[in-house]
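Q: Spelled out, the chains give:
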Amino acid sequence: MFNSSLKELTAALAARKISSVELTGLFLDRVEKRNGDLNAFITVDRERSLMQARAADSLIASGKAQPLTGIPVAHKDIFCAQGWLTTCGSKMLSNFVSPYDAHVISRFNDAGAVILGKTNMDEFAMGSSNETSFYGPVKNPWDRTRVPGGSSGGSAAAVAARMAPVATATDTGGSIRQPAALTGLTGLKPTYGLVSRYGMIAFASSLDQGGVLSRSAEDAAAVLNVMAGFDARDSTSIERPAEDYARDLDAPLAGLRIGVVKEHFGDGLAAGVGAAVQAALEQFRKLGATLIDISTPNSGLAVPAYYVIAPAEASSNLSRFDGVRYGYRAPEYRDLADLYSKTRAQGFGAEVKRRILIGAYVLSHGYYDAYYLKAQKIRRLIANDFAQAFTQCDVVVGPTSPTVAFPLGAKASDPVQMYLNDIYTIPANLAGLPGMSVPCGFADDGNGGSLPVGLHMVGNYFAEAKMLNVAHQYQRATDWHLRKPEGI
Amino acid sequence: MTGQMKNWEVVIGLETHAQLSTSSKIFSGASTAFGAAPNSHASAVDLALPGVLPVANRAAVDKAIRFGLAVNGNVADNINRRSVFARKNYFYPDLPKGYQISQLDLPIVKGGSITIITSSGEKTVRLTRAHLEEDAGKSLHEDFHGMSGIDLNRAGTPLLEIVSEPDMCSSEEAVAYAKALHGLVRWIDICDGNMQEGSFRCDANVSVRRPGDPLGTRREIKNLNSFRFLQQAIDYEVRWQIETLEDGGRIQQATVLFDPDTGETRSMRSKEDAHDYRYFPDPDLLPLCVGEDWIGAASKQLAEVGTPGMRKELYVAQFGLTDYDAALLTQSRETAAYFDVVVGAVGAASVKLCANWVTGELAGALNRAGLDIAQSPLPAARLAALVTRVVDGTLSSKLAKEVFEAAWNGEGEPDAIIEKRGLKQISDGGEIEKLVDDVLAGNAKQVEDYRAGKDKAFNSLVGQVMKASRGKANPAQVNEILKKKLGG
Chain A
1 MFNSSLKELT AALAARKISS VELTGLFLDR VEKRNGDLNA FITVDRERSL MQARAADSLI
61 ASGKAQPLTG IPVAHKDIFC AQGWLTTCGS KMLSNFVSPY DAHVISRFND AGAVILGKTN
121 MDEFAMGSSN ETSFYGPVKN PWDRTRVPGG SSGGSAAAVA ARMAPVATAT DTGGSIRQPA
181 ALTGLTGLKP TYGLVSRYGM IAFASSLDQG GVLSRSAEDA AAVLNVMAGF DARDSTSIER
241 PAEDYARDLD APLAGLRIGV VKEHFGDGLA AGVGAAVQAA LEQFRKLGAT LIDISTPNSG
301 LAVPAYYVIA PAEASSNLSR FDGVRYGYRA PEYRDLADLY SKTRAQGFGA EVKRRILIGA
361 YVLSHGYYDA YYLKAQKIRR LIANDFAQAF TQCDVVVGPT SPTVAFPLGA KASDPVQMYL
421 NDIYTIPANL AGLPGMSVPC GFADDGNGGS LPVGLHMVGN YFAEAKMLNV AHQYQRATDW
481 HLRKPEGI
Chain B
1 MTGQMKNWEV VIGLETHAQL STSSKIFSGA STAFGAAPNS HASAVDLALP GVLPVANRAA
61 VDKAIRFGLA VNGNVADNIN RRSVFARKNY FYPDLPKGYQ ISQLDLPIVK GGSITIITSS
121 GEKTVRLTRA HLEEDAGKSL HEDFHGMSGI DLNRAGTPLL EIVSEPDMCS SEEAVAYAKA
181 LHGLVRWIDI CDGNMQEGSF RCDANVSVRR PGDPLGTRRE IKNLNSFRFL QQAIDYEVRW
241 QIETLEDGGR IQQATVLFDP DTGETRSMRS KEDAHDYRYF PDPDLLPLCV GEDWIGAASK
301 QLAEVGTPGM RKELYVAQFG LTDYDAALLT QSRETAAYFD VVVGAVGAAS VKLCANWVTG
361 ELAGALNRAG LDIAQSPLPA ARLAALVTRV VDGTLSSKLA KEVFEAAWNG EGEPDAIIEK
421 RGLKQISDGG EIEKLVDDVL AGNAKQVEDY RAGKDKAFNS LVGQVMKASR GKANPAQVNE
481 ILKKKLGG
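Sequence order for the protein chains is A and B.
Take 1 as the starting number for the first sequence in the working numbering and just add one per residue.
Take 1 as the starting number for the second sequence in the working numbering and just add one per residue.
Derived from the structure by calculation, the hints contain no laboratory data.
Check the hints yourself; a few may be wrong.
[Unchecked claim] Chain B is faced by these chain A residues, among others (derived, beta-carbon under 7 Å):
(1) D234
(2) I238
(3) E313
(4) S450
Note that the structure is a prediction, hence the values are computed from the model and not measured.
Ideal Cβ positions, reconstructed from N, Cα and C, are used throughout, including at glycine.
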């Protein structure tokens, strides 16, 4: 049951081989058993989940089941869910019970899915290792001395450890795809604007996008079918006809043009990771695809531009956390200014403060043009690089992360090293393009073991169905995505 | 003003916040109604809960466009087809997001002008721009036992900030501008103009200089919510600046507040502790693009509601009124409507007389009573009945004033007053002849003087007849009959 696909679970529910209450209970038991070790969940609420499961069972009984009805789904704790503690991994929101549902949560609720719990994450989604969480680091189920990636580390560990069939996540610079790579999962960040940001606590508004961490492309398609859709409450949500993201899964890959970015195979890429990605490219060739060398000459500017734009937006987005209306408030303060400074000094962790400071600096008078405006220009150049690439190919492929999962604490004190984790994933966020990571093998972890490697894929705007098709065909030809951590 | 002002030039520019009369807020669906229980009109968006997003209110944009067209002769070249919402970042408890959404580099309206009338005639004041923004909430510092209360009902109320060029050179001009603007926004139905409720408030930028010198350093007087305060504040500020400079001091750029109790301005903050607002384009709101169809519809709407300027031109063309009279009659939609009723009843042949009554006697009485024309105790139909009696010769202009006074004081219909007080003008030739005969008989000396060529004596005789009739004799007839008798 724990290794079943969503299709299999849905079939089992429909055939009454299992009820949603039983299924949810099984996963909750597993969370109970494993969470102490992995720290993947911040909040579990058995009663609340089972209540939803009972409602799902009656939907199924009355023949009103939709895809995902009765399926337990873990949600990154960045999505506001009514009645649920919604912390965003921060002390600042450690007492915040959301009075409303995020659009994404409403979509799952409307589909009859069950909220299994809220998963751990880097504080306000700022991090690539899940070590900045106020609730402590998440451990990688493949090696508990290592990070699961971030910021959606809790969602990744939950799915990788089979504590949840599937999980939602968000991606601002790689926060879905990098954890997917590091935990052997399929991760999809859709086109910016495809999934509503309403109720998704903002880190960097122009980059944030909700998506999914799953065990296969097929599962990801089923989940995206529920998550995607226009929402008038998000001005950046895109109004377009609904589509079935699973419709092209079975299409053959013959004639597919895969762009390979030569800049992504240079310095900094671990040899084992590079080899696994090369082997995947070979596999695609066997499947009938053509490999085309392409260049994205401005990709080297992506990380610096990102670390101007994202902190700038974050510095402003996080201003609302002031201790006045909700959330953490310092117990003692002299006056208003002291209330603000003590609340924010105590409520935010070091990485969040670092980014607020960077953001405030790059937006300040006299620096705006040199930093923020210039970064926006680079952003345009990067989008142009992709536009150029997509005249030659259908998808762009490369490594997701330069290394396999690294040891806990290894990069925690070196922010720049940490930021370079997202060197391959950030360009898609800057351009607003959909990105995916798919398991493509294993590489030496430098310590005698081997750990999962992710293959990164970027598609053109709204090419999710095509990307899922490419990933699904690859997964039919390979079994990397079926591998699971020892002891799971 | 005082003689002290000799050799000084005063330069004034106004920034006016007009609350747009939409039923919901600029970025949320909450009501904008005034006077509700604290925080009862504050939605999740207004409270800046984690994860919420703004969505621009189309009606607010529509009103801003209408304003832009109205100050530019219904020509759309001052409407920015693409304007940008920006975040103005600062911390204050009544600013829930920690930033105000406003427009900086690209406002919706650029340019335009307002025509004002002062004692020295008409003048055009150029507008720099008008931009959309949201209002803040209200901090309440009483009744909370050492704490402050926050009411967010007003937070997110749509404002149009209208910025003038520094084209005014006296408090009289500034008040005339503010009144003209006030009349305009009410006329075109974008703002209720209620100054007590804060729907229309001005900031005045004031500086002084020696003629021929470059602009002096300005100080900004914030939040003036009556025309009287606007005048008092500017007058005080000008005197203070001139005195300071004449005493050898310097003006520091500052923001000041006007205290109506003392009639003085005092510095709130100097330039040194001015905020760095770290403006940047709001990534939650896409650039506001208005198409030609939208502008066309707004233009059509404006043509229907008209503007004071359009009505003024009509009065000049149709009635041959002077620019000055026409401008006075179009200060507000209510004034024009009042005038239209009077002219409609009295007849276009007497339009000048109607204009004189509305802009003279009536305006004076309203002014003394501190009333709006909409609150006039004398309805338009009654003034029309009175003017009709002047036109048909029933009342002399002197007696008409007495009737006006009585009607103003609620004594009822003019005809009834005339009847009751016996004020009817004597136009009966026989009756006047009798009066003239009596006067001539009793004033042999004057008759002799007149016949000896002393024209002055004639006037004296007229006066005697009028006196004898207790002012009721028709002066034209008296003249005529007297001349006839003396000449005979």
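Q: Hint by hint, say whether it matches the structure.
A: The hints, checked one at a time:
no. : hint : verdict
1   : D234 : holds, 5 Å
2   : I238 : violated, 11 Å
3   : E313 : holds, 6 Å
4   : S450 : violated, 39 Å
In this structure, the earlier hints numbered 2 and 4 are contradicted, and the remaining ones agree with it.
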